[in-house]
Amino acid sequence: MISGRNGSRLRPRARDQHDQTREGSSVHRRFRLGTLCLGLVLLGTAGCSSIKAPVPTDPDALAEYKAANDPYEPLNRKVFNLTMKFDTWALRPVAKAYVWAVPRPVRNSLGNMITTMNEPSVFFNDVGAGKPRRAGDSFVRWCINMTVGVGGLIDVAKMAGFPHHDNDAGLTMANWGISSGPYLFLPMGPSSFRDGIGYGIDQGLSPWDYVPRGYGLVSFNWAYNMMGVVHGRSEHLEDLDALQRDALDPYATIRSAYQQQRNAQAEAIKNDHRATVPDWYQ
Amino acid sequence: MKLLSGRRIVLATLALTCASGLFALPARAADNAKQFIQSFGTQLVAIVNSPIPLPEKKTKVLPLVQKNVDIDGIGRYCLGRYWKIATPEQRQHYLALFHEVLVNAITDKLGEYRGVSFTIGDVIKSGGEDSVNAILMRPQQPPASMQWIVSYDSGQPLVVDVIGEGASLRLTQRNDYSSFIARNGGNVDTLLAALQKQLDRHAQPGN
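So the sequences go chain by chain: A and B. Heads up, the first sequence is in this note's numbering, so the first residue is 77 and it goes up one at a time. Heads up, the second sequence is in this note's numbering, so the first residue is 1122 and it goes up one at a time.
With the rest of the complex left out, here is chain A (with noise of 0.2 Å):
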């Protein structure tokens, strides 16, 4: 989870951090390793036990049941522990080195890089979306840092105007009426049939999984989904070791938080009618 793109998304108890890490949010986008862990655990977890839990009869639990939309929970729980226990004893001591080494500065501009090396992807999907301004906005973004801010290393479009926002196929999905179907949480973080689909879509959708074998690109892009990673993992570091102290069943709020977080940004999206043309402009 908390290596995953959605990991980002997780501050239920700091969640004033917002923009700080929305950043880096969009990091791990393309952690393809992500994808075949899930096939192995799907593998090994099918075999054995239940998959599904058990419908409830009384109407309180039931109510609950279809609250959580999460009728794979007892494998959901089990991909959720394995998840944890590799980010225990692997992803966290990395992503506290990785604080410890790098100073904040250039945490941030690689944080930076990492969100506009993303921002095609924002794109088609604010096309897909059909958000012009939205759109307009990330491709912008795009033209700016990548020349001005030397390949995204500082945010020149933020200055100039031009915020980050997060977009992914998995929310335009949400915005054509698709609802998100039972919650799933996934190697890469928590997530949802609809969202999962989306993630797959986002992965067609970054030129960087198209680049030309030499050049020393295919390489780049190994380190860049790594450093992704760990980057997105250190941006978190406070509010899941938080979340994991504080909450008596973390699962079931990364759960909550994570269902909430997704409604409200696809709500953000459907209610986003700014005009196409600039402000001076009208």
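If you're looking for bench data, these hints aren't it; they were derived computationally from the structure. Hints may contain errors.
[Stated by the list, open to error] Dumping the calculated BS3-like pairs for lysine-lysine here, alpha-carbon to alpha-carbon at most 25 Å:
{"no.": "1", "chain 1": "A", "residue 1": "K154", "chain 2": "A", "residue 2": "K142"}
{"no.": "2", "chain 1": "A", "residue 1": "K128", "chain 2": "A", "residue 2": "K161"}
{"no.": "3", "chain 1": "B", "residue 1": "K1155", "chain 2": "A", "residue 2": "K172"}
{"no.": "4", "chain 1": "B", "residue 1": "K1230", "chain 2": "B", "residue 2": "K1178"}
{"no.": "5", "chain 1": "B", "residue 1": "K1205", "chain 2": "A", "residue 2": "K142"}
{"no.": "6", "chain 1": "A", "residue 1": "K154", "chain 2": "A", "residue 2": "K128"}
{"no.": "7", "chain 1": "B", "residue 1": "K1230", "chain 2": "B", "residue 2": "K1246"}
{"no.": "8", "chain 1": "B", "residue 1": "K1318", "chain 2": "B", "residue 2": "K1205"}
{"no.": "9", "chain 1": "B", "residue 1": "K1230", "chain 2": "B", "residue 2": "K1155"}
{"no.": "10", "chain 1": "B", "residue 1": "K1181", "chain 2": "B", "residue 2": "K1230"}
{"no.": "11", "chain 1": "B", "residue 1": "K1318", "chain 2": "A", "residue 2": "K161"}
{"no.": "12", "chain 1": "A", "residue 1": "K346", "chain 2": "B", "residue 2": "K1246"}
Add chain B to chain A, keeping to what the hints say.
Structure of chain B alone, referenced to chain A:
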């Protein structure tokens, strides 16, 4: 001439007065919510920014939180469907523990901030509650937007929820508690024990 008969004029005036009163009511409530959050926020920020040591900040914040936040209401909400089945003793014990947990959660945050300021935005009515938009500014960090939910159920404005990034604090907490109780055989006592454990851990030196 008949149209402007005295009775009609009186009636029309009465209707107009009522209508304007009706229109003015929500506006007044919204203003109240805005003023309430403005005053609560200003007092809170003044303590956060003051150069006094952390323990002193905590003692100063406590009465402010108790006065402006509906802790009992939030506690009841967070217990969800188990509130109905809890015994009066369990309820009382739970609320006492919940008070401490919530106050800890708020005061723990105090040390993290310095040089904080905030601005209040629009007020949106949702049901019987007002949602006040606020933007928190901290030095060297991007502004964070949040919504404060104000309820008038108790006769005076009280904060009943905070929403950040679309997630409601009390709803997330309720799902946490409900899931925990459900996984522990639906026994409210297990929640009380877990909360007590959490408080004990918090009280240990170093926290």
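Here is what the structure says about each hint:
1. For the hint pairing K154(A) with K142(A), the CA-to-CA distance comes to about 20 Å; that is within 25 Å, so the pair holds.
2. Of the pairs offered as hints, the one joining K128(A) and K161(A) holds, with about 23 Å between alpha carbons and a cut-off of 25 Å not exceeded.
3. For a cut-off of 25 Å, the pair hint linking K1155(B) to K172(A) is broken: about 41 Å separates their Cα positions.
4. Among the hinted pairs, K1230(B) with K1178(B) is consistent with the structure: their alpha-carbon atoms are about 11 Å apart, no more than 25 Å.
5. A C-alpha spacing of about 20 Å is found between K1205(B) and K142(A), which places the hinted pair at or below 25 Å, so the restraint holds.
6. Proximity of K154(A) to K128(A) is assessed by CA-CA distance (about 12 Å); at most 25 Å being required, the pair is judged to hold.
7. Simply put, K1230(B) and K1246(B) have alpha-carbon atoms about 29 Å apart, too far for the 25 Å limit, and the pair is violated.
8. Distance check on the hinted pair: K1318(B) and K1205(B) sit about 24 Å apart at the alpha-carbon level, within 25 Å; holds.
9. Proposed proximity of K1230(B) and K1155(B) is supported: the alpha carbons are some 23 Å apart, at most 25 Å.
10. Distance restraint check for K1181(B) and K1230(B): the Cα-Cα separation of roughly 14 Å lies within the 25 Å cut-off, and the hinted pair is therefore satisfied.
11. Between K1318(B) and K161(A) the alpha-carbon distance is near 23 Å, which keeps this suggested pair within the 25 Å criterion.
12. Taking the CA atoms of K346(A) and K1246(B), the gap is about 20 Å. The hint holds against a cut of 25 Å.
When the structure is compared with the earlier hints, violations turn up for hints 3 and 7 and for no others.
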